[in-house]
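Undergrad: The residues making up each chain are set out below.
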Amino acid sequence: MKYLAAAILLSGLLSGTASAQLAGEPFIHDPSTLGYSDGKYYTFGTGRGGLVSQDGWTWHAGGERPGGGVAPDIIKIGDRYYVAYAVGGGGMNGGHASNVKVMWTKSLDPKSPDFGYHDVGVVASSNGTEDCDAIDPAFLYADGRLWLSYGTYFGYIRMVELDPKTGQRVAGNEPVDVAIDMEATALLYRDGWYYLLGTHGTCCDGPNSSYNIRVGRSRNPTGPFTDHMGVPLLKGGGKLVIAGRGRTFGPGHFGLVDLGNDMQKFSMHYESDMDRAGRSVLAIEPLLWKDGWPVGGENVKAGTYEIQSERSGGALELDVDFVRIDFDFRRAFGPPPPGPLTPLPDQTLAQDMAVWPSGQIKVDLGDYMIRPHQKWTITPVAEAGGYMGSPYYKIIIAGTDRALAANADGEVVTAPTFSGAPEQLWRIDQLTDGTYRITPKGAKEPLALVAVGASTVSLTKFDPASDAGRWTFKAP
Amino acid sequence: MLRTGLRMLPMLGACLAVPAFSADTPAATAQGLSPFFEPAGPTPKAPDADGFLQRWLLLEPILKPNRSNAGFTGTYVRAALTQEYFPGQFKVVPRDGDKTKGKDPLQWHALDAKLFDVKLFNFAQGLGKPTYGVIFWAVTIVNSPREMENVRLAVGSNSASMWWVNGKEAAGLFGDRRMVMDDVVSRPLTLHKGKNIIRGAVINGPGLSDFCVRFLDADGQPIRDVTLSTK
Chain A
0 MKYLAAAILL SGLLSGTASA QLAGEPFIHD PSTLGYSDGK YYTFGTGRGG LVSQDGWTWH
60 AGGERPGGGV APDIIKIGDR YYVAYAVGGG GMNGGHASNV KVMWTKSLDP KSPDFGYHDV
120 GVVASSNGTE DCDAIDPAFL YADGRLWLSY GTYFGYIRMV ELDPKTGQRV AGNEPVDVAI
180 DMEATALLYR DGWYYLLGTH GTCCDGPNSS YNIRVGRSRN PTGPFTDHMG VPLLKGGGKL
240 VIAGRGRTFG PGHFGLVDLG NDMQKFSMHY ESDMDRAGRS VLAIEPLLWK DGWPVGGENV
300 KAGTYEIQSE RSGGALELDV DFVRIDFDFR RAFGPPPPGP LTPLPDQTLA QDMAVWPSGQ
360 IKVDLGDYMI RPHQKWTITP VAEAGGYMGS PYYKIIIAGT DRALAANADG EVVTAPTFSG
420 APEQLWRIDQ LTDGTYRITP KGAKEPLALV AVGASTVSLT KFDPASDAGR WTFKAP
Chain B
0 MLRTGLRMLP MLGACLAVPA FSADTPAATA QGLSPFFEPA GPTPKAPDAD GFLQRWLLLE
60 PILKPNRSNA GFTGTYVRAA LTQEYFPGQF KVVPRDGDKT KGKDPLQWHA LDAKLFDVKL
120 FNFAQGLGKP TYGVIFWAVT IVNSPREMEN VRLAVGSNSA SMWWVNGKEA AGLFGDRRMV
180 MDDVVSRPLT LHKGKNIIRG AVINGPGLSD FCVRFLDADG QPIRDVTLST K
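Protein chains in written order, with numbering that gives the first Met the number 0: chain A, 0 to 475; chain B, 0 to 230.
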């Protein structure tokens, strides 16, 4: 957690400190889509074993995946978790002969009585000389049909259909070429579109890896897939979803995490996390959709912001008396004064605070007047843990310790000091349209900060069909 | 994950005297060149529907050991591809079957690619030649019915490459490239009425190798009213 502590120490000085790195020991390469089993999240990577997490934020080594090989994927259909993985290929020593195998288990938890893998067998292969290397399998279950993409830069990405009841290849199904110059593919289905994602660039060289995730789409699961410019993925096309940023390099191996309520995230690895000695790590970040295309989002960065309601455009603020900035309104209409113009100072925190009561202060929404009681400093709290892909945050009035809090009545207020209690910790999730949902930690039901009126906020159930519970963070 | 040990390693080939990659020289496939090529026909060939140039004289691969493509900087590639490997490299338009002069003569093959891209790896594999750590040379003649100004050469290659139009450098693709159509596009240039000589050189360490080339007009649309020949 040193990196997070450092982020907090710096947050008072720096705006924009990254806060997306997961806690624990999230070391993995080629992670599968996350699987949720027996109250825990699992992901498996190249080699045996994988990572396990109780909350999606703190990850430790765990899980069991027999079979070895590379780059597995997981999908749950009915009561079965199907796991696909590849043995052979990958170009080691020039070899491209490989088999994609499938097995299933009813639990991913080795302690569960339902745990136990059953081999389905080989569902796709490459012979070593054909233009395909059958590794990096990825599942998609859509409209009752199970699809599997696979392949690397060595030739074509291919698609086959499996039987969702058995995991076996559908009888008579032949592979279809769907892309070139891509690997680590993943599949999505949304609004009648099939999306084929995969990496461009180079893997496996730490901070010199140029891996980046690209996407094309088609109305048909077997293509043709094209990107936003109309370039076929069979001719090297692919719209960027996410590239390296900050101190993390080389994203690859996309896996959808659909949390519902218009909230999607995706798992992946970064080839290199410079804050973790350049090792390959698991990452989970928000997924946005813009004009029908998936785009990588980002957790809110530590910093000071106006918190603006998507409903009314009002700024979240302390419900306190307005303090004027000393100004003679006639100056706005008169002729220019002689001599150089003198800048006016901002209203100071002390000037604004002079009228604040002590104790709890309610919050409401008002026209943004660039006043101290409207500026919020948002900081991840290291010791508070986190949830799927994000830490918990504290939200305080900038320059003070006054903290946004849920009170005993289920209303939102500010407390005079930040205590670190759950009611003062906030979960901030980026939604698929790029706005954010703000919810208190430990809420018994999915309460969120909602503009129940144009100027009134409360904690109530989030409605994904409304803008009332959506917020944006603006530079103050 | 492309688990190429070769790709992961720093580029050693550039600074070590590495013997020819005999271990990377595959036996010719039973199908030879047929999956992706056919002999160039006797009559000039039009580009495909998207304007891609599919007729080329391809030289059997020149050994240039590189254990990784990560070192294909502009400086390295320019030095590697402007070095003379055979007489007349930048001047002569070879004929099908010609062989380069020297200790290890290499043969030119006049071929029509069956796909939009020219699959160099499969060309070498089909001939039983080295596929990794190599340089490929390609030459074609573009016959233009008139002078065409403000056209651009659009290239994608795996891995790095350089391209010349009528003897002038037109495009350079550096770094560990994947082949993407229209990846690098030249500055506007002029195709003369009649013959225009296009030369290209592609360098590759491990992994597949191919290229795709077409000309685009000032509106970015593919040029199709030209023909291709090899003599």
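FYI, nobody ran anything at the bench for these hints, they're computed from the structure.
Some hints could be false.
As the list claims (entries may be wrong) - Ranges of calculated distance between the beta carbons of each label pair, as one might list FRET restraints:
| no. | chain 1 | residue 1 | chain 2 | residue 2 | range |
| --- | --- | --- | --- | --- | --- |
| 1 | A | Met228 | B | Lys192 | 31 to 41 Å |
| 2 | B | Gly73 | A | Met228 | 24 to 34 Å |
| 3 | A | Gly398 | B | Ala78 | 52 to 62 Å |
| 4 | B | Pro144 | A | Ile76 | 31 to 41 Å |
| 5 | A | Ala141 | B | Gly171 | 39 to 49 Å |
| 6 | B | Gly73 | A | Gly433 | 47 to 57 Å |
| 7 | B | Gly73 | A | Arg244 | 18 to 28 Å |
| 8 | A | Thr165 | B | Gly101 | 31 to 41 Å |
| 9 | A | Arg244 | B | Arg94 | 46 to 56 Å |
Even for Gly, the Cβ is constructed at its ideal location relative to N, Cα and C.
Undergrad: Hints first: check each against the structure and report whether it holds.
TA: Hints and how they fare:
{"no.": "1", "hint": "A:Met228 / B:Lys192: 31 to 41 Å", "in the structure": "32 Å, holds"}
{"no.": "2", "hint": "B:Gly73 / A:Met228: 24 to 34 Å", "in the structure": "26 Å, holds"}
{"no.": "3", "hint": "A:Gly398 / B:Ala78: 52 to 62 Å", "in the structure": "58 Å, holds"}
{"no.": "4", "hint": "B:Pro144 / A:Ile76: 31 to 41 Å", "in the structure": "59 Å, violated"}
{"no.": "5", "hint": "A:Ala141 / B:Gly171: 39 to 49 Å", "in the structure": "43 Å, holds"}
{"no.": "6", "hint": "B:Gly73 / A:Gly433: 47 to 57 Å", "in the structure": "37 Å, violated"}
{"no.": "7", "hint": "B:Gly73 / A:Arg244: 18 to 28 Å", "in the structure": "25 Å, holds"}
{"no.": "8", "hint": "A:Thr165 / B:Gly101: 31 to 41 Å", "in the structure": "59 Å, violated"}
{"no.": "9", "hint": "A:Arg244 / B:Arg94: 46 to 56 Å", "in the structure": "52 Å, holds"}
The structure fails to meet hints 4, 6, 8 from the earlier list, while all remaining hints are met.
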